[in-house]
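A.B. asks: Start from chain A and add chain B according to the hints.
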Amino acid sequence: MKRRLLADIVGVTPSSFENFTRCGRRFFLADLLGVPVSDPGPPNDQGMFVHEMLCRIHETGSCADDAHVRDVLTLHGDESDHMRTLIRQHEHRCPAAASTRDAHEQELARFHRLPPPMFMATARIDAIWIHDGLLDARDYKTGGLWHTRVADVPAARVQAFVLGAAAAKRGLRLRLRYEYLQPEIDEDPEPWEPDADDLVFVEEELRSAVEHMKEQVDWTGVAEADVCVRCPYRSICRDSAAPGEPSWPVLAVT
Amino acid sequence: MPDVEVDEAPRVTPSMLRRAETMCRRRLAKEHDGAKRRANKTADARFAVSNRLIEDAKLAHSDVDHLEVTAFVEPGELEPEQIHLYRAAVQGYRAVFGDRPGRRVDLGWRTPLPELGVDLTGDPGLALERPDGSCELRVLKLGGRRVGAPLLDPIELRCALVRTEMWAPDALHIVVADLLEHEVVEHTPDLAVERAEAHAWIADRVRLVQENAALGQAKAGSDCAWCPFIAGCEAFV
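Residue numbers (my numbering), protein chains in the order written: chain A, 3 to 256; chain B, 94 to 330.
Only chain A is shown next, with the shape it has when bound in the complex (with noise of 0.2 Å):
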C-alpha cells in the first residue's frame, strides 16, 4: 500500500525545518517517516529540567527571588550549584521587572493558506514578557552556541512567523532572543527585530520550502562529512558520508 508522505496540509516546526535547511533526507528520515534515530547525542535530561524549573520558578513567583528559587528547586529535588548557575545566568537578562505581561511553555500556530501550498507553523516558545512596546520572546539554550544572530538559525524562522502574528495583533514589535544559560558562553547571539518585510519574507520561504518538499521525490542527503558526522542518521543514512553501525542497543544483543 502507497504510504502517504506528506499531509494536505504540510506541519512545519522549528526542528522539522532546521532539519530541512540542513538535510533533506535527514527531514525525510526524522520528519516524514518518523525513524528513530540510530547515533543518538548525549541525552538532553538536564536541558529539559532546567526548562521546566524557568517555567515554575515565574509562573509561582520571581527569580529574582533567591528564597523562592530555591524552594521551587528543592521541590523539584535539584538544589545543586549547577542548577542554581543556570537559573542566575537567565536572571541577568529576565526582563520581568519592567514587564507587564509575561506567559511561559506557550504553544503558538501559524495557518498559511495562499499562495499555495498552505503549511500549519507551530512552535513551542519557552517564554514571552511584553515590556516597552516589545513582544519579547525568548528561548532558552544549554546546548552549543553555532549562529552568532538569531537571524541566521533556520529554526527561528519558524518561530518569528508564529510569533509575528501574535506581536501585531497586539500592535506590537517582536524581538526574539536565544538565552544560552551556560556560564562558559559569554555571549547571547543578537537578537532578531523582524519588521512587517522581514517576516513577509519569511513567510515566503516557509512557503517555497514547503513547496519544495511537495516536489521531493529521492530526498537526496547532502552527503558531506563535516555534515554527517553530526547527524544522528549517520550510521543507517542511505547517502552518509560517515556510515558506520547504528547504536540501537538490541544490535548488541547476540
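Mixed in with the good hints, there may be bad ones.
As a list, the in silico EDC-like pairs of lysine to aspartate or glutamate whose alpha-carbon atoms are at most 20 Å apart [as the list claims (entries may be wrong)]:
hint: 1; chain 1: B; residue 1: K312; chain 2: A; residue 2: E206
hint: 2; chain 1: B; residue 1: K123; chain 2: A; residue 2: D10
hint: 3; chain 1: B; residue 1: K234; chain 2: A; residue 2: D41
hint: 4; chain 1: B; residue 1: K312; chain 2: A; residue 2: D128
hint: 5; chain 1: A; residue 1: K216; chain 2: B; residue 2: D137
hint: 6; chain 1: A; residue 1: K216; chain 2: A; residue 2: E206
From the structure, some residues in chain B lie toward chain A, with a derived Cβ separation under 8 Å [said to hold, decoys possible]:
hint: 7; residue: A136
hint: 8; residue: E172
hint: 9; residue: H177
hint: 10; residue: A181
hint: 11; residue: L235
hint: 12; residue: G236
hint: 13; residue: L272
hint: 14; residue: H275
hint: 15; residue: A318
Simulated from the structure, these hints should not be mistaken for laboratory data. Please read these numbers as outputs of a predicted model, since none were measured by experiment. Every residue, glycine too, gets a C-beta built ideally from N, C-alpha and C.
C.D. replies: Just chain B now, with coordinates in the frame of chain A:
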C-alpha cells in the same frame, strides 16, 4: 461500491483519554465523533515499519506451538533506513519472544462500552493464545520514548485491560517490549482489581471527553500540527 455509513458510537482512544483537558476541543469533538474519515488527508508513512512488523508477527504466530520466523520478510518496498529499522526490530522480537510461541487472536479495532455510549478504539497489542492455553498481550515499541516515561504506560495498560476483557476474562499476562532498546517489562495484573480501576478511570475520562467535546471551541497551538480538521476551523478564518 456505495459509500455506506456504518452506525458507530462516538469513539475514544487512549490519546483522547490522556489529553482530554489539554487537547483542542474542536479537534477532540471531531475525533470523538469519528469525523476523521471525512477530514483532510494526513501523512501516515511514519507507521510503515511498525505496521509491517505487527502484520508479519501475526503471520509468524499462526500456529500455537511454533514461531514461523520465515514470516518476517524484509520489506523491499521501504527505504533502506526503514529496512535497517525493520531488521533491528525483528532481531529484537526474536531475542525477546523467539522461544515463546502462541497463536494470534484478533481483538478487532474497537470495544463497545454501551454503558458510556462510546467505543474504545485502537490497537492494544498483539494478542496470543499460548500453548498452555494462557492469554498473553504483547505491546511492541520501537524506541522514541520520552525521558522518564515508563515502558508500561498506565493509560495504555488500562485501555488494554478493557479491550481484552471478553477474550481474557480470568487471566492475562502482559509483556511490553522496546525492541530497539532491548527493554522488557512483564506484568500479570490482578484482573479483578485492576480492571475495576481501569473501568472507573475510563468512565471518568470519557465524561471529561464528552464535556469538552460538547464545548468544541478551537484553540490554536501544537494540536494544529497534523490536525486533519483545519478546513473550516474558526481559529484560522
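A.B. asks: Are the hints correct? Go through all of them and say.
C.D. replies: Structure-based check of each hint:
no., hint, result
1, K312(B) - E206(A), "violated (25 Å)"
2, K123(B) - D10(A), "holds (18 Å)"
3, K234(B) - D41(A), "holds (18 Å)"
4, K312(B) - D128(A), "holds (19 Å)"
5, K216(A) - D137(B), "holds (15 Å)"
6, K216(A) - E206(A), "holds (15 Å)"
7, A136, "holds (5 Å)"
8, E172, "holds (7 Å)"
9, H177, "holds (4 Å)"
10, A181, "holds (5 Å)"
11, L235, "holds (6 Å)"
12, G236, "holds (4 Å)"
13, L272, "holds (6 Å)"
14, H275, "holds (4 Å)"
15, A318, "holds (4 Å)"
Violated hint: 1 only; the structure is consistent with all others.
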